[in-house]
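Asks: One-letter residues, chain by chain:
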Amino acid sequence: MNTHSLSTLPDAVQFPAHICTLSNGLTVIHQQTPTPVVTVDVWVKAGAIAEPDLWGGMAHFLEHMIFKGTDQVPPGYFDQVIENHGGVTNAATSHDYAHFFINTTAGYLPKTLPCLADLLLHAAIPDDEFDRERDVVLEEIRQSEDDPDYLGFKALSELVYQRHPYGRPVLGEPENLMSLLPYEMRSFHQTLYQPDNMTVVVVGDIEQQRTLDQVNEAFDGFATSPGYPAVSVEAEPAIAGIRRRVLELPRLETARLMMAWVGPGVEQLRHAYGLDVLSVVLGGSRSSRLVRELREERQLVHDICCNVSLQRDSSLFTISALLDPEHLDQVEALVGDRLTHLVNRPIEESELNRVKRMLCNDYAFSSETSSQLAGLYGYYSAIATPQVAVCYPQHIQGLHPEELQHLASQYLSPYHYAVTILKPASLA
Amino acid sequence: MVDFSIQPSQLFPASIPIPTLTLHLPFMVSAPKSSSTQSFHRTVLSNGLVVLVLENDTADIVASRIFVRAGSRYETPEQAGVCHLLMSLLPKGSERLSAVQIAEQVESMGASMGADSATDYSLVSLKSISQDFPEILTLAAELLRSPAFAESEVALERRLTLQGIRSMKEQPFSIAQRQLRQALYGDHPYALSTLGTEETVPNLDPAMLHQFHRTYFRPDNLVISIVGRITPERAIALVEETFGDWQPPQIEGERLPLPALTGSVATSQPQRVSAVQETQQAIVMLGYLAAALHSEDYAPLKLINTYLGNGLSSRLFVELREKLGLAYEVSAFYPTRIDTSQFVAYMGTAPTNAAIALKGLQHEVDRLATMPLSQNDLQASKNKFLGQYALGKQTNAQLAQVYGWYEILGVGADFDASFQAAIANVTAETIQDVAQRYFTQPYISIVGPQPAVEAVEQLN
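Sequence order for the protein chains is S and X. Using our numbering, you'd call the opening residue of the first sequence number 1 and step up by one each time. Using our numbering, you'd call the opening residue of the second sequence number 429 and step up by one each time.
Keep in mind that the hints were calculated from the coordinates and are not lab data. Not one of these hints is a red herring.
Under the rule of at most 30 Å between Cα atoms (straight-line distance), these lysine-lysine pairs were calculated in the DSS-like manner:
hint : chain 1 : residue 1 : chain 2 : residue 2
1    : S       : 45        : S       : 154
2    : S       : 154       : X       : 597
3    : X       : 787       : X       : 751
4    : S       : 111       : S       : 45
5    : X       : 751       : S       : 111
6    : S       : 154       : S       : 423
7    : S       : 423       : X       : 597
8    : X       : 597       : X       : 787
Produce the entire structure from the sequences given, and follow the hints as far as they go.
Replies: Shown next as structure tokens:
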């Protein structure tokens with residue numbers, strides 16, 4: 001087995017970027033790379049899990065409202081400045097974070113960075129813009145609900161996380177959104193968009209001192225936190241038995257089988273990465289076990305894939321299949337049986353090496369651009385610490401067959417999981 | 429690799445995948461040598477194969493794109509989908525290797541290999557660390573030169589393709605796009621999905637696949653672009669080793685010419701097409717036939733597309749989303765095509781807003797024909813276009829894609845520079861003139877609940 005791909009990775013994992021905490025508590029991560037594109041990516045621990053129960057959808061709605069300006073910056077001005085100089089900007093919200101990025105050139109940073117910082121620190125959240133943008137979010141929800149995979153995943157998350165807010169849709173529910181008020185959003189914003197909750201990542205052809213000076217100057221004058229009632233996140237107990245939900249959907253051409261197991265959070269990163277290896281062994285490539293057996297040989301599914309989503313408090317291990325409804329029961333049973341197999345027999349050396357190599361090369365292939373690197377550092381900064389971002393290949397290489405067997409038995413029980421099934425309504 | 433997140437929800441949806449274009453006024457001032465056309469080496473092998481190489485040693489990665497001048501544009505109506513099926517079968521077996529052996533070989537290197545087809549070309553995409561590149565290229569050559577098309581694999585992929593065609597009916601956007609395309613293109617192959625249709629795919633068999641392969645998969649119909657940590661000399665030598673002894677078919681000592689296409693030409697016959705579906709949103713589209721890549725109207729239309737539909741500051745986004753809150757996704761697209769293309773403005777909106785949405789889209793498109801763009805708007809659109817064009821050429825894979833793509837479409841890799849110059853030279857008068865000529869009577873496509881469809885049909 002050939003392992004020379006590893007020569008591209010450092011032996012002792014060294015964090016290639018510079019991490020600095022400003023006097024106000026803001027974390028800044030900087031890496032100078034030769035690319036002309038500079039990415040600024042601001043990660044805020046202000047995702048859906050930070051929402052009080054009655055404020056479902058607030059984090060994502062706020063992410064939209066950030067772009068609606070401040071006392072200094074009119075709505076739409078920032079988008080114009082960025083785009084008219086050839087840059088791009090966008091933002092995204094998940095359960096653990098919201099993040100906001102720009103891709104531009106170093107020369108334009110003095111013009112754009114203060115503007116981005118002003119939006120993030122001093123969003124005005126004007127009343128009239130609030131109502132109009134809520135219509136946009138409602139359209140976003142409508143669009144998502146026309147997508148059967150979104151509906152299936154939403155139902156699956158609710159089934160898995162009955163107490164933890166990971167079960168709540170990031171987009172929120174229309175009824176909840178209709179009852180939100182602008183002043184509540186201002187209080188949510190001012191409480192969470194605080195320096196100790198935020199990481200600014202800058203990657204590209206710009207020197208460290210220049211970066212720090214510019215960030216220091218721009219990210220100044222945070223609002224005083226009103227500190228709305230703190231949210232306590234309840235730990236999710238392990239799934240006992242099989243939680244099942246069947247959705248009958250009109251306009252559905254093919255059935256879906258979506259199965260989920262709860263994995264460890266970032267406190268046991270090695271375990272989460274172990275599950276990552278197992279997900280590729282089962283359904284992460286053309287020669288993975290479930291793809292080869294169920295799609296290619298027995299032709300019971302049109303497609304099948306396996307995925308691990310790493311989140312702060314718990315990761316989610318999913319197996320999803322696209323199949324004809326008559327094969328639902330058989331495929332679910334076969335998946336359970338193949339999980340048992342993972343527990344009972346160690347993975348062969350050659351198979352494991354192949355999977356490790358794929359994962360490590362994928363990791364290397366996804367750190368080519370400034371925005372990929374900034375995203376990697378910012379993401380781990382939001383859910384763990386930035387330094388762990390570069391430990392991935394080392395962890396993966398260190399996993400051995402017995403440990404993986406153990407992880408399969410600990411996390412992937414064929415008797416305890418959640419499953420959502422989508423069926424065409426006409427066949428129900 | 430571990431996913432970054434569970435379905436993060438974005439402020440602004442990613443646009444529909446259309447090959448990216450660009451020029452780089454602000455960006456390329458400080459660009460590394462890898463972004464400049466000058467260092468792209470172009471070589472034509474004696475068998476007619478075109479090789480483009482750009483050395484970029486920033487990372488230990490080599491990306492390659494192998495383009496074949498074959499796509500749905502080259503299919504007869506009866507064989508619609510043959511090229512897509514052919515490409516999906518490339519990794520499923522060659523004369524020497526089985527599907528399982530191929531997958532294991534690729535994965536053991538930790539490399540990636542994808543095969544895809546589009547309207548105007550087909551593509552094998554490769555990515556590996558530098559040391560493995562010879563092996564992955566050798567494998568790709570074998571798959572492209574001697575595919576097996578085994579009956580069992582053909583049957584499996586045919587079934588999966590049919591499934592893919594049916595899946596598209598689950599997405600309101602796909603339904604709206606499909607019916608619009610059919611109305612715009614009539615008998616032209618662009619009327620159909622590259623997957624083919626539920627009628628044609630079941631009839632595709634190994635004999636048809638071999639016939640299509642023999643006709644179009646030949647060295648003088650291929651472009652290979654290679655970008656990454658590899659010298660041009662080495663890259664060209666590798667292509668010579670793996671593809672050099674492949675000869676185009678001969679007849680009486682001469683190269684057999686490629687068949688002339690006899691397909692129909694799209695002519696404008698504006699109409700309304702609709703589908704009643706119990707969806708949460710109505711999808712409304714306004715479409716026009718638009719200039720092909722080779723036309724001088726191509727650059728101005730690309731700029732119009734940017735002005736109207738690209739990004740958070742685009743005209744449609746600001747007027748219809750920011751000011752009226754009508755939509756989450758509102759945009760325009762104008763794909764690059766060898767034959768007559770299409771220009772489409774669209775949005776998804778609440779069914780009760782379908783009529784007002786259509787009027788809004790129509791108003792914004794018509795406005796371009798009635799009044800010239802301000803100098804500010806024109807310059808801003810150029811900066812936006814050229815900046816994003818540059819952002820689309822950052823990775824080795826993106827660079828291999830853009831230059832190889834221009835070469836296979838027949839405008840040459842130099843088009844990268846001349847196109848950017850053409851964009852920079854577009855005037856407000858040209859924009860207005862182009863808008864007047866192309867944005868005449870629109871085709872309209874709507875998908876949504878009955879009342880939304882009726883409301884749109886009642887509009888004048």
